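Novice: These are the residues of each chain, in order.
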Amino acid sequence: MIKLHNLHKSYPIGKDSLHVLKGLDLHIREGEFVSIMGSSGSGKSTLLNIVGLLDTHDSGDYFLNGQRIENLNEKKAAILRNKFLGFVFQSFNLINYKNALENVALPLYYKGIGRKERQVTALQYLEKVGLKERAYHLPSELSGGEKQRVAIARALVTNPKVVLADEPTGALDSTTSHSVMELLKEINREGMTVFVITHEEDIAEETDRIVRLRDGVIISDKRVIKKAIV
Amino acid sequence: MFDLDRWIEIFQTLSKNKLRTALSGFTIAFAILLFTLLFGVGNGLKHTFEEQFSGDAQNSVYINSGRTTKPYKGLQSGRRIQFRNSDIKFINDKFEDKIQYFSPNIQRFNVRATYKGEQNSYTIRGVYPDYQPLESAVMQDGRFISVLDLKRKSKVIAIGRMVEKDLFGNKNAFGKNITLDGISYKVIGVFSDPGGDRDERFIYAPFTTVQGMYRDNDELDYFGFTYNPSLSVDKSLAFTNLLTKLLKEKHKVAPKDQRAIRVRNYAEGTKNVQQFMMVLNIIILFIGIGTLIAGIIGISNIMVFIVKERSKEIGIRKALGATPKSIISMIMLESIFVTAIAGYAGLMLGVFTLKALGDSLEKYFILNPSVENYVVVGATIILIIAGTIAGYVPAKRAASIKPIIALNDE
Chain Y
1 MIKLHNLHKS
11 YPIGKDSLHV
21 LKGLDLHIRE
31 GEFVSIMGSS
41 GSGKSTLLNI
51 VGLLDTHDSG
61 DYFLNGQRIE
71 NLNEKKAAIL
81 RNKFLGFVFQ
91 SFNLINYKNA
101 LENVALPLYY
111 KGIGRKERQV
121 TALQYLEKVG
131 LKERAYHLPS
141 ELSGGEKQRV
151 AIARALVTNP
161 KVVLADEPTG
171 ALDSTTSHSV
181 MELLKEINRE
191 GMTVFVITHE
201 EDIAEETDRI
211 VRLRDGVIIS
221 DKRVIKKAIV
Chain H
1 MFDLDRWIEI
11 FQTLSKNKLR
21 TALSGFTIAF
31 AILLFTLLFG
41 VGNGLKHTFE
51 EQFSGDAQNS
61 VYINSGRTTK
71 PYKGLQSGRR
81 IQFRNSDIKF
91 INDKFEDKIQ
101 YFSPNIQRFN
111 VRATYKGEQN
121 SYTIRGVYPD
131 YQPLESAVMQ
141 DGRFISVLDL
151 KRKSKVIAIG
161 RMVEKDLFGN
171 KNAFGKNITL
181 DGISYKVIGV
191 FSDPGGDRDE
201 RFIYAPFTTV
211 QGMYRDNDEL
221 DYFGFTYNPS
231 LSVDKSLAFT
241 NLLTKLLKEK
251 HKVAPKDQRA
261 IRVRNYAEGT
271 KNVQQFMMVL
281 NIIILFIGIG
291 TLIAGIIGIS
301 NIMVFIVKER
311 SKEIGIRKAL
321 GATPKSIISM
331 IMLESIFVTA
341 IAGYAGLMLG
351 VFTLKALGDS
361 LEKYFILNPS
371 VENYVVVGAT
381 IILIIAGTIA
391 GYVPAKRAAS
401 IKPIIALNDE
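Keeping their order, the protein sequence lines are chains Y and H.
Using my numbering, read the first sequence as starting at 1 and increasing by one per residue.
Using my numbering, read the second sequence as starting at 1 and increasing by one per residue.
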């Protein structure tokens, strides 16, 4: 589903440039539940931005759903994002003057889907994350956990190939964090590829595969052995 | 092209961000309102001036005579210059192509006019038919003096509206006979004059009739004529200067004598007024443009601020699949919509205010303050275009920045 080969990325800082990603090789198959672990500055956010087509890579290859990503203009990137990717952000990034339902329906608007159908689909996904009865509340009237569920519903509503979650529990307490991770797991069980970025060990432990990143290179890539489940 | 969803999206954004909408709307409405009021008041001043100077034809010239003040060619000063019928021919022969309307004039003051017991004193003027356009007199009833009246020395008169009112009350004077100094004249017309009541208390009779009645020779009092309107102000002044020179030669008047023959060209006054009006126009235009620029800068600032404020939202939208084009069109349509509605509101408010003011500011020399439609519509269109550009520049920038930067922008 996501295939990276010798991926490099550097940012210019004044005259110098900061080499953030130093030749990453990573292959994530369809249906995987992967977490990228690393301290801040390890390049994990940069990796997610590139995978999420929010930023471009300098050299190397990136295949998304078998399609080579290169020389994307803004418009093509926008269409690909809308079609293949769903985002969950640490700070939720809901539009504050739109209610939960409208926030969830927004990606469908950019997909060019009719108003009625948008409403129906969005409500379906809100129900899926257990927030059907909060559909007409504004983000300011929702708790952190609820906001993140709305964001997850929004990420799922276009039925993307991959859900990208950038520190999805970073702004949540441990109980809510756990329930959000449960939700992501459930989505994964239904066959969705989920790609989580985190610096919290226990969050990473809940995924199936942990890729550790340090100073722009992958230092380990391990499957998680589930102890409890036999 | 019309996309209901897009408009729903825009209405939602506008209605959920009332303060922002109100602020930008207010800027536009206020700019247009100020613009309209300024222009209206300026036009009011203009109207006052136009009114003040509309009593006589704008291109009219009057030639009067008096006593000489300088000895010349062996003749003493203090000699009275008298125009005669020969001067009529002299002027017309020399300047036929430059003159539009021409009339000699004999005036008789304090002529007693009576009609069925009502009586009053008026000035009677013996004139040519051309005197009507010279005075800008408008016939309300009947006709003015005709060429035939001149030939026949008919005892007919055209009277001013106020003469009719004085002598006939509310009745119609047309066709009735009025006695002037014991002689009966038939009223062939009643006129009104934009010059006001004073000009409407004159009685006009054929030049020949009055000359025969009150002068026993070919003497006359003064000339009035209008020059060809195609002449520029400067050319008309040159023409009257030449005419003055020739008349002075003919009557043996010293060239520097200012009293003996006086030529009054309204063009001089008109020229001053026109220059004054031009300056006034420039000031109005300057202030108007200044107001517009202030409005444009205002809306530009607000648009920059709005886009800045919304950069995170724009980042979110982009992450969710909004194309740059859809972002730009969203922001621009919002901008155009707000400027158009608010601009129209300001315009209407301004026009209604001017209507309400009406002539109430007349004592401040502001008469009927109003604005030509094309001016305000033009101003509104300029503001809408400005709003569009003001929205486009930041929208374009917002749409082209990477969504990740917009998202990180707290």
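Don't take every hint at face value.
[To be verified] SDA-like cross-link-like pairs, simulated, lysine to any residue; straight-line CA separation at most 25 Å: (1) Y/Lys111 / H/Lys396; (2) Y/Lys22 / H/Lys402; (3) H/Lys325 / Y/Gln124; (4) H/Lys98 / H/Lys271; (5) Y/Lys15 / H/Lys98; (6) Y/Lys161 / Y/Ser140.
[To be verified] Stretch-level coverage of chain Y by chain H, calculated; a stretch enters the list once three of its residues show a Cβ under 8 Å from a Cβ in chain H: (7) 4-11; (8) 78-89.
Treat the hints as calculated values from the structure; they're not laboratory data.
A quick note: this is a predicted structure, and the numbers were derived from the prediction, not measured.
A virtual CB, placed ideally from N, CA and C, is assigned to each residue, including glycine.
Novice: Give a verdict on every hint.
Specialist: Against the structure, the hints come out as follows:
no., hint, result
1, Y/Lys111 / H/Lys396, "holds, 21 Å"
2, Y/Lys22 / H/Lys402, "holds, 22 Å"
3, H/Lys325 / Y/Gln124, "violated, 29 Å"
4, H/Lys98 / H/Lys271, "holds, 19 Å"
5, Y/Lys15 / H/Lys98, "violated, 81 Å"
6, Y/Lys161 / Y/Ser140, "violated, 30 Å"
7, 4-11, "violated (count 0)"
8, 78-89, "holds (count 7)"
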